[in-house]
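Peer 1: Working from the sequences, and respecting the hints, build out all of it.
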Amino acid sequence: MQHGATAPATPPATERKDNRALKFILSQEMILLVLSAIAIAVLSTQNERFLTMRNLSREIVLAFEVALIALPMTFIIITGGIDLSVGSIFGMTAIIMGFLWQDSGLPLELAMLLGLGVGFIAGMINAFFIVIIGVPPLITTLATLALYRGIALGISEARSARGFPEWFQDIGRGGIPVNLTIGDQTLAAIPWQLVIIVIAVVIFGVVLSRTTFGRSLYAIGNNEVAARFAGIRTGFAKFVIYTTSGVMASIAAIVFVSRVTTTRSDMGSGIELDAIAAVVLGGTSIFGGSGSILGTILGLILIQVLKNGLLLAGVRGDGTIIMIGVVLIIAVLVNNFIQSKLGSR
Amino acid sequence: MTATAKVSTPAAAPKRRFRITVSQELILVLAILVISLSVSVLQPRFLEQRNITDILNNSSYIAVAALGMALIIISGNIDISVGQQIAVLASLGGLLSIGGADNLLAAVGIAPGGPLTGLLTYTLPILAGVAIGLVNGFIVAYLRVPAIVVTLGMMSILKGGLIFITGGDVIYNMPNWFKFAQQRIEGVVPIPVLIMIVLTIVMALWMRYSAGGRAIYAVGGNKEAARLSGISERAVIMRVFVINGVLIGIASLMFATQYNSIQTTTLNGLELLIITSAVVGGVSILGGTGTVIGATLGAILVHVLPPAMVFANISAYWVQAVQGGLILLTVLADIVRRRRQSFAGRI
Numbered sequence: 010m011q012h013g014a015t016a017p018a019t020p021p022a023t024e025r026k027d028n029r030a031l032k033f034i035l036s037q038e039m040i041l042l043v044l045s046a047i048a049i050a051v052l053s054t055q056n057e058r059f060l061t062m063r064n065l066s067r068e069i070v071l072a073f074e075v076a077l078i079a080l081p082m083t084f085i086i087i088t089g090g091i092d093l094s095v096g097s098i099f100g101m102t103a104i105i106m107g108f109l110w111q112d113s114g115l116p117l118e119l120a121m122l123l124g125l126g127v128g129f130i131a132g133m134i135n136a137f138f139i140v141i142i143g144v145p146p147l148i149t150t151l152a153t154l155a156l157y158r159g160i161a162l163g164i165s166e167a168r169s170a171r172g173f174p175e176w177f178q179d180i181g182r183g184g185i186p187v188n189l190t191i192g193d194q195t196l197a198a199i200p201w202q203l204v205i206i207v208i209a210v211v212i213f214g215v216v217l218s219r220t221t222f223g224r225s226l227y228a229i230g231n232n233e234v235a236a237r238f239a240g241i242r243t244g245f246a247k248f249v250i251y252t253t254s255g256v257m258a259s260i261a262a263i264v265f266v267s268r269v270t271t272t273r274s275d276m277g278s279g280i281e282l283d284a285i286a287a288v289v290l291g292g293t294s295i296f297g298g299s300g301s302i303l304g305t306i307l308g309l310i311l312i313q314v315l316k317n318g319l320l321l322a323g324v325r326g327d328g329t330i331i332m333i334g335v336v337l338i339i340a341v342l343v344n345n346f347i348q349s350k351l352g353s354r
Numbered sequence: 204m205t206a207t208a209k210v211s212t213p214a215a216a217p218k219r220r221f222r223i224t225v226s227q228e229l230i231l232v233l234a235i236l237v238i239s240l241s242v243s244v245l246q247p248r249f250l251e252q253r254n255i256t257d258i259l260n261n262s263s264y265i266a267v268a269a270l271g272m273a274l275i276i277i278s279g280n281i282d283i284s285v286g287q288q289i290a291v292l293a294s295l296g297g298l299l300s301i302g303g304a305d306n307l308l309a310a311v312g313i314a315p316g317g318p319l320t321g322l323l324t325y326t327l328p329i330l331a332g333v334a335i336g337l338v339n340g341f342i343v344a345y346l347r348v349p350a351i352v353v354t355l356g357m358m359s360i361l362k363g364g365l366i367f368i369t370g371g372d373v374i375y376n377m378p379n380w381f382k383f384a385q386q387r388i389e390g391v392v393p394i395p396v397l398i399m400i401v402l403t404i405v406m407a408l409w410m411r412y413s414a415g416g417r418a419i420y421a422v423g424g425n426k427e428a429a430r431l432s433g434i435s436e437r438a439v440i441m442r443v444f445v446i447n448g449v450l451i452g453i454a455s456l457m458f459a460t461q462y463n464s465i466q467t468t469t470l471n472g473l474e475l476l477i478i479t480s481a482v483v484g485g486v487s488i489l490g491g492t493g494t495v496i497g498a499t500l501g502a503i504l505v506h507v508l509p510p511a512m513v514f515a516n517i518s519a520y521w522v523q524a525v526q527g528g529l530i531l532l533t534v535l536a537d538i539v540r541r542r543r544q545s546f547a548g549r550i
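Each protein sequence line maps, in turn, to chains A and B.
For the first sequence, the positions run 10 to 354 when the working numbering is used.
For the second sequence, the positions run 204 to 550 when the working numbering is used.
Warning: the hint list may mix true and false statements.
Residues from chain B shown here face chain A by an in silico Cβ test under 7 angstroms; the list is partial [said to hold, decoys possible]:
no.: 1; residue: Leu346
no.: 2; residue: Gly356
no.: 3; residue: Phe367
no.: 4; residue: Gln526
no.: 5; residue: Ile530
no.: 6; residue: Val534
no.: 7; residue: Ala536
If you're looking for bench data, these hints aren't it; they were derived computationally from the structure.
All figures in this text were calculated on a predicted structure; none of them were measured in a lab.
Even glycine gets a Cβ: it sits at the ideal position worked out from N, Cα and C.
Peer 2: The following block contains the structure:
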């Protein structure tokens, strides 16, 4: 410790601990939690319908598709990639499933299964170009965004499939009957969407934070070459996440079709941007290497709370869209600012 | 073999880049020619002057926007708010022409009508484009937020703002002097095509021969090297977003004046078409390479396809699928060519 008198090489232990505590308090997740809490508090005083179980369960149903797509998107963005084609896979799944059932006369169960197959193959095609050929993810999925949407358009020729049976509609519209009563509010059923999303969040969260595979995604995002030299099968990991992304988009599409009981070729367009906005808002760096499922979920909640709350408070839909754009930029700005201040300490 | 390749690499590097860019543009020209000629075998009317000017006319505003996109992508950034920018600026131009400009003039006490009305109508959308570019550029360059996030947010803000102002209504009843895009020189060459050609040449010369243009390649190719050679990355990023704002402003006016009405809501996916044009034109999404001539040719190629398919009796519903396949194909060709060329240098 020759230089210790003038400039300590390592900060004292207490200061380091403080720093870590500060880092936790000022993490993107905490910021989002506080922001969401403030938004909920303010909005619930504005409108008494906001904090009702009925309203909340409806909002979960509405946010479901974006949420399901945002989970694998978190994985992909953590590796430094992106998947712009999910909205098109969504539309293509809806169209192919609908027409396999309506025009080709397949049983709906089989059509649903083949719909999942569509997402699987579409995701594999993305993965093939990204991993095997080495085309940047942004370009690959930009091209397949046009390609898959084009296939949906070409097959449907602006026609739609409708008249789905009762049991199928129940997936998107029904739930587990509970007749839960708290105070003067009654909830007839827990929507299936909530069940699916809870299972999915747990799986994705555990895989990302508790498995070797999940941790390897961070390594890939930080330095792919180093990760490969460290023995991580980077190609395999990327193949898995892009394929998963396709399958999740298909699941979201099937549930969506059963809720709205029709199929259109433009379904899901722009949903990729909603998902990316939630992921980035949740603190996942667009350059890769950091992020969490918790952050993504909080990002989703904040966006949905804003959408719903502002609508109930009488703000028009366009005002809400502006708000989301502003919140997205500010949240990333604040996070950048805090990280750079902490980093320079 | 390997030894000679290694030794010759540094000297050959600039020449090689030149060859890559030239061949990408050559491929585009060939692709456009092959598609046009093979369709004209089926339908000779495809090569009629009217059809050709129509195709060029339709691609012109996308081409002008693609010039700006090329600059942004070459600098290593992206702007996905351009589609909404065009929607907003076109509506602004339309609203100014149907009385907005006169109201503004009246507000400052100048008699409405006269040359000032036209001047305001044409310059305000371009200035607004510059303002949007300044905001995007400032947040990217000085606040260090990635361009894709900034422009994603900007896209959302503009989208909401547009519905807020216009209520999603169609703007119509624009005066005749406003619709310059419908005029033709000598009754043949549409004004937008002329604008496209002139701007492409100007931008190509600027990118190739000016220090400002070369700096964009330097920053996109290797930030650290650019910094060490005294180039300010911030200045370059501000510059590309501002120039993009000017070009988007011009493209918006070309878009706003080509028909007799302006739809304020149906412009979804325009950014995709613009990015596609630049990428098909050989602008590498990784930054550092590509040319603006390629971007213009890319825009034309993208617009040759739909009429070609219609003439060849393929359902128009498949146009987008073919465009998507086209991007994959050009990117594949580009990667294969690069691998082959860098093979000797790398091993």
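Peer 1: Each hint needs a verdict: does it hold in this structure or not?
Peer 2: Taking the hints in turn, this is what the structure says about them:
At a threshold of 7 angstroms, the smallest CB-CB gap from B:Leu346 to chain A is about 6 angstroms, leaving the interface hint in force. With a least beta-carbon distance of about 4 angstroms to chain A, the hint placing B:Gly356 at the interface is held under the 7 angstroms criterion. A least Cβ separation of about 4 angstroms between B:Phe367 and chain A falls short of the 7 angstroms threshold, and the interface hint therefore holds. This hint holds: B:Gln526 has a C-beta 5 angstroms from the nearest C-beta of chain A, less than the 7 angstroms allowed.
Interface hint at B:Ile530: satisfied, since its Cβ lies 4 angstroms from the closest Cβ of chain A, which is below the 7 angstroms cut-off. Because the beta carbon of B:Val534 sits about 5 angstroms from the nearest beta carbon in chain A, less than 7 angstroms, this interface hint is met. Taken as an interface hint, B:Ala536 does not check out: its beta carbon lies about 11 angstroms from the nearest beta carbon of chain A, beyond 7 angstroms.
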